[in-house]
Structure formats: C-alpha cells, structure tokens
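Trainee: Listed below, chain by chain, are the residues.
Protein chains: 4
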Amino acid sequence: MEKKYEIVVLIGSLRRGSFNRMLANTLPDLAPEGMAITLLPSIGAIPHYNSDTQEAGFPQEVLSLSSAIKKADGVVIVTPEYNYSIPGALKNAIDWLSRVPDAPLAGKALAIQSASMGVFGGARAQYHLRQTLVCLDAIVLNKPEIMVGTVQSKVSPDTGKVFDADTRAFVGKQLVALALLIDKLR
Amino acid sequence: MEKKYEIVVLIGSLRRGSFNRMLANTLPDLAPEGMAITLLPSIGAIPHYNSDTQEAGFPQEVLSLSSAIKKADGVVIVTPEYNYSIPGALKNAIDWLSRVPDAPLAGKALAIQSASMGVFGGARAQYHLRQTLVCLDAIVLNKPEIMVGTVQSKVSPDTGKVFDADTRAFVGKQLVALALLIDKLR
Amino acid sequence: MEKKYEIVVLIGSLRRGSFNRMLANTLPDLAPEGMAITLLPSIGAIPHYNSDTQEAGFPQEVLSLSSAIKKADGVVIVTPEYNYSIPGALKNAIDWLSRVPDAPLAGKALAIQSASMGVFGGARAQYHLRQTLVCLDAIVLNKPEIMVGTVQSKVSPDTGKVFDADTRAFVGKQLVALALLIDKLR
Amino acid sequence: MEKKYEIVVLIGSLRRGSFNRMLANTLPDLAPEGMAITLLPSIGAIPHYNSDTQEAGFPQEVLSLSSAIKKADGVVIVTPEYNYSIPGALKNAIDWLSRVPDAPLAGKALAIQSASMGVFGGARAQYHLRQTLVCLDAIVLNKPEIMVGTVQSKVSPDTGKVFDADTRAFVGKQLVALALLIDKLR
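Residue numbers (our numbering), protein chains in the order written: chain A, 40 to 225; chain B, 40 to 225; chain C, 40 to 225; chain D, 40 to 225.
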C-alpha cells in the first residue's frame, strides 16, 4: 500500500558519527501514520558546483538527488551549523538543485532540523537556509522549529539515534505539522 | 623590495569564464602604492569538509591556502551570490579554514567584493559572508561595499578584466580603505 | 457582494510623500478579480513597545490594527529599507502584534513589497522581515519578490501612484500569487 | 582625572524591570582599569523616525543621544531580541542616528550584548544589528559575543544587577576586548 506522505531526508553532515545523521536516523521511528521517511544518499559525492561542469552534463548524483526530491511529497533537511551558516557541502548540493531544469524544490513542503553540541542547536544555519530556500521557492514550515542543543547528551552511539524523550516528542510534532502542510499544498 | 601590503584574493567561483574572476584579475591594476595583490589558487580542488577527513590529516590544498592567508596582511574575497547566499564551494573553503589550528583569518583585515549579472551585484551573499566571518574573527571592512551589478557589460572577455571606469575607481577606493584598515590593526 | 479576497496593506513609512505609500496606493488598481484591498491606518500613532504599557492594556491603535489583520484573508507589507533592515516603526508595530492574544498574523497569507531610490529596492529589509515573520508564523509568499528600485522615476506625485507599466504588471502578478496562496491555505 | 575609555551604553528595552537593563547596570562594576561606563537615557522618548519630522528639526532626544555617542570612545548596545530581530524602539533610535549629520557611530568601537529568558540569549537580534551597523560604519567587536541565556536565573531584582559569576567574568572580558579595539582604532 502506498504511503500518503513520502518524505525524503537531506543530511548536511558528511562524517560517519554525525549527530545530525543520528537525528535523521530517528525520524522513521517518529513518523505519524501514513508517513514514509527515506534518508537520501550522502551529498559527499557531489562535486563542487561549476557551470562548466554543468554544461558538460549534470553529475549523476545531482540527477538522482533531484529525482528523489521531485517524487517526494516533502523534504526534511537535517544539518549542523558551520561557522554561523550552512555547511558548504549542503549549500553546494542546493546550488546544484537550483540549476536542475525540473526545479525539484519549487513548491515542495520542507522542514528544517539542526543539532549542535552547544546551546543554540544550529539556529543560525537555519535562518540562512530559509533565505536560500526562498530563492528555490520551497515552502518551508514555520513551526515548530527543531534546534537540538547539547545533542551529544541526547543520542546513543549504540543505536545511532536520539533517545531523549522530549526531543523525540518535539521532532514528532514537526513531522505532524509537515504532513498538515503537505495537505494544504495539495 | 618588500611591499607594505601583501594582499591575497580568494575567488568564490570555479568556472573558467567567471565574471568574479575577471573582477579579481583587475585588482592588481588598481592596487595603491605599496600594495601587492596575489590571486590564490582555485578552491575547486578542496574536498568537502568532513571531520573524518580532517582527522586523517588536513588536505594539502587547505594547508597551502591557510598558510598563504596567514602570511598575508589582508584578504579580498571576490564572489558571486548563489541562491541568495554564499556559494557552497566558497563556504566549504571557509569551513576548512575555521578548523586549521593557526586560525589564519583571525584578526586579519578583509574586504568583500561581489559581482552579478542582475542589479543586486551579489549583495545577499555578502551579508551571509559577514556573519560567517564574525565566527572566524576576521576584521571585515565596512565601506565602500563593492557590489558590481550588470557585470557582463563592464568586463572584457579579451582582457579578462573590468574595463568600466566607474567600477574601477570604486574598487580602487576599497583597496585604499583596506590599506588603512591594515595600518590600524598593526 | 463580499469579495473573495479581503487584503489589508501595512505601510512601513510614515512620511507624507513616501514612495512606498505611493506603491501601496497603486495596489487597488492592480487587484485581480474578487480582491478588495484596504490600506491600514498609519502605524505612526502606535507607541514604542513596552511590556509595562502592555500590562496597563494594549493601546487602541494596536487592537484596531490586530483586529483588521485578523479579519483579512491576506496582508501586504509595503516598506522602505532603513539601514539595511526593517524600519523601527514597522518593527515596533510587528512587536506589538506578536503580543496580542489572538495572534493575527499566525497562518495568514502575506506578501512583501519594498521600494527605494537606489538599485536594491529595499531587498535587505525584506529578508530581515521574513525572519521576523517566521516567529509570528505568517505564511509569506516566496515569489514574485517585489523590490522596486529607482522608484522616484516610476511614480507620479500628482496621482500619488506608480505609473511605470513594468512595475505595475509585476506587482499585479504578486497579487495574483497571493490570491492563489490564500486559496491553498483555506 | 579623565578616564582613558569613556563608554556609553544604549539599552534596547524600555520596561522598568528589564533584564537587559540589569545587565547594563552591571557593566560599571566590571569595567577594566581606566574605563568609565555611562548608561544613556531611555530611548523611549524618541519619536518614530519620519523624514517630515526630521525636516522640521531633529528631536532634542536624538541630538542629545547623538552628541553623547559622538563624545564617547566606545559604545555598548545591550538589547533583548524581539521576534528574532532588533526591537523596534532600538532600531528606531538607530534609524535617527543614521540621519544626524555628524554620523556619531561612524568609526566608533562598539560591542553588543543581549539577554533573554530562553537559551539563545538574543543571538538572532545580534546578527541583524550587525548588518545594520555595517550601514552606519560602526566598528563592531567580533569576540567575545555576549548572549546571556536564562537570564532570569542570573540577576537579582534587589540589586538590579547580574550576580552570576560566569556571566560577570565573560562580560568583563568583552569590556577588556572593547578597550583593546579602541586602542587599535586610535
């Protein structure tokens, strides 16, 4: 049976032990009824954006990413903050997505999550990301905003997931809100 | 004879025919007395930041970039705007620079320039870049702000430089202001 | 007969000869079928936000503004940029609106327009405004973005309106997009 | 004997029991050798910026504020965050300062502090404030950044000051850094 809400998750960190990846890993557990959540492949294999490269043909990784997003009903971006802004590798993936002819993020429901070891939980990256997503015409959920501070105390390296109950409940609420946004946009 | 102001230029675009590269190419012509301007190698060969990679050792390209900046008296970043923010590849280079132990940008005088085919001249990228550079503790020049709009009408593909007289004069003023900032920080 | 889209317009400038007010004055001419556009009273009479004042009772101007927005189907904010950000008086009106119990902007369709004598057309104010409106949970239209540069050459002091045909057409498109957004949110 | 560093403090909140005012009240206790710290009068009496008002003459409150800043060696802005940005009343004061002929903030050393009851400590207001201060050409200290979270647990309503030792130490370090910045700019 087909799920009503097919969600893909874009992760902004490349390292194996990433806390943000652990947050992303947790999402399928928290999905509301009718929501299927799939983690997208790492963006680490996408080359730096270069319009000379683009003229020679979009990289396969970009086309696959674009296609997966295009088919989905919604997107969750889960990302660390690097230097008060978006990680370069994540911004690069978005820069490529902005050039693909079928504009996969345009009109797409999108939620942002971030996690950090400090208290801000990656907030500064989120507002820069929102500005960029205006350009791509994604429909970004306002609330609840998920900024997981001191994430190192809320995840289990064994399971590779978030165990903290408050965080899980809060993230679950965002997924419900994302489903409602998808319904509105239909 | 040693120059009083050794300036290195970091370029945010990777494509061969980049308008921002042409703007950067023009800077040595506009340097005030005593200023030497050197374009840094392309940031295109720097891998995506990944702390797993970092643990295995900083990439040579990052160490070279860091070392060149560390030795300089000042830095000019010349960059396009991608999707209302910093190009991913440029942000990635800065993400690496933020991890290098000797903090090459800390306390360094820095000027930003951007160019675009539209009227904004890359302004949105500059304010995101400024926020990131607070994190790296660079001392960013306030004025004059160089945002070159409709750059395609101001450059010559033959010379690979900006020919527009007003733009050249304005950019020259920023280089003078950068020299004054360097003097203050000494 | 009741109009399908009742829109109220909040103006960020207080001066009599405001170019942004002229832009706002033009909106009723450009309204698509079924849209009624009403300019809200000046925000100049709203006192500075102070929670001590709030405890003594919300000012009547705030309650009227809140009520007018609450009843509307959508909001257009038309504002100049002051010092690369939102004018203080406009931000102050929004600060009050954020405290009113019935949260008039929450879930409300909203479009932003700005005009300036320079080339940027107030763009920097718009992105700060978008960040603030995330907090108030307004649903801000992504596109088209209306940033009217060199506005002094596009308005007639006699009519107090924008005469420039391209600008009028572009603004009209935003109003159509706002109507579509309102439909989606219903 | 004249102090080496005359600092004036601009407070972004108007309410009597303001936590940010308590933070400002604490600054004289924490001033390094040779630094005199004076709190500026409330900005609450400054009317909303309106260029019609300006043409009739700058309000006396604006001229006094401008003059006090002009004479000082440095400025500290202590402010809450309202709706993810600068409080309207504070932005309004800055909007006036940007119009005064003698440009009191241009080239002036400036430090930002913010406090909030939440964990972010007003961070979002600070980055918007930094963007605005680029326009006014203030020289804003990068580090340390003072964002006092859960401030309600760190102040004493009896003394009207911050008692938390870590916060006091950290704020003291910023004042030392401000003195160094003033020295550099001389």
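Warning: the hint list may mix true and false statements.
Note that the list lumps identical chains together, so a pair holds whenever it fits in one copy or between two copies.
Unchecked claim - With a Cα cut of at most 27 Å, we get these calculated BS3-like pairs of lysine-lysine:
#1 K200 to K212
#2 K212 to K223
#3 K110 to K223
#4 K182 to K109
#5 K223 to K200
#6 K212 to K42
#7 K43 to K223
#8 K110 to K182
#9 K182 to K223
#10 K109 to K223
Read the hints as simulated data drawn from the structure, not as lab findings. Note that the structure is a prediction, hence the values are computed from the model and not measured.
Trainee: Look at each hint and say if it fits the structure.
Mentor: For each hint, the structure was consulted:
Within a single copy, K200 and K212 get their C-alpha atoms as close as 17 Å, which meets the 27 Å cut-off; across copies the closest is 38 Å, which misses it. For the homomeric pair K212 and K223, the shortest alpha-carbon distances inside one copy (17 Å) and between copies (22 Å) are both at most 27 Å. Proximity of K110 and K223 under a CA criterion of 27 Å is satisfied in both settings, with 18 Å inside one chain copy and 20 Å between copies. Taking CA atoms no more than 27 Å apart as the test, K182 paired with K109 passes in both settings, with 23 Å inside one copy and 19 Å between copies.
When the C-alpha separation of K223 and K200 is checked against a cutoff of 27 Å, the pair qualifies neither within a copy, at 30 Å, nor between copies, at 36 Å. Only within a single protomer do K212 and K42 lie at most 27 Å apart by alpha-carbon distance; the minimum there is 19 Å, versus 36 Å between protomers. With identical chains, the CA atoms of K43 and K223 are at most 27 Å apart both within one copy (13 Å) and between copies (19 Å). Proximity of K110 and K182 under a CA criterion of 27 Å is satisfied in both settings, with 24 Å inside one chain copy and 22 Å between copies.
Proximity of K182 to K223 under the C-alpha cut-off of 27 Å is found in both arrangements, the shortest distances being 15 Å within a copy and 18 Å between copies. For the identical chains of this complex, K109 and K223 are neighbours both inside a copy (18 Å) and across copies (20 Å), given an alpha-carbon limit of 27 Å.
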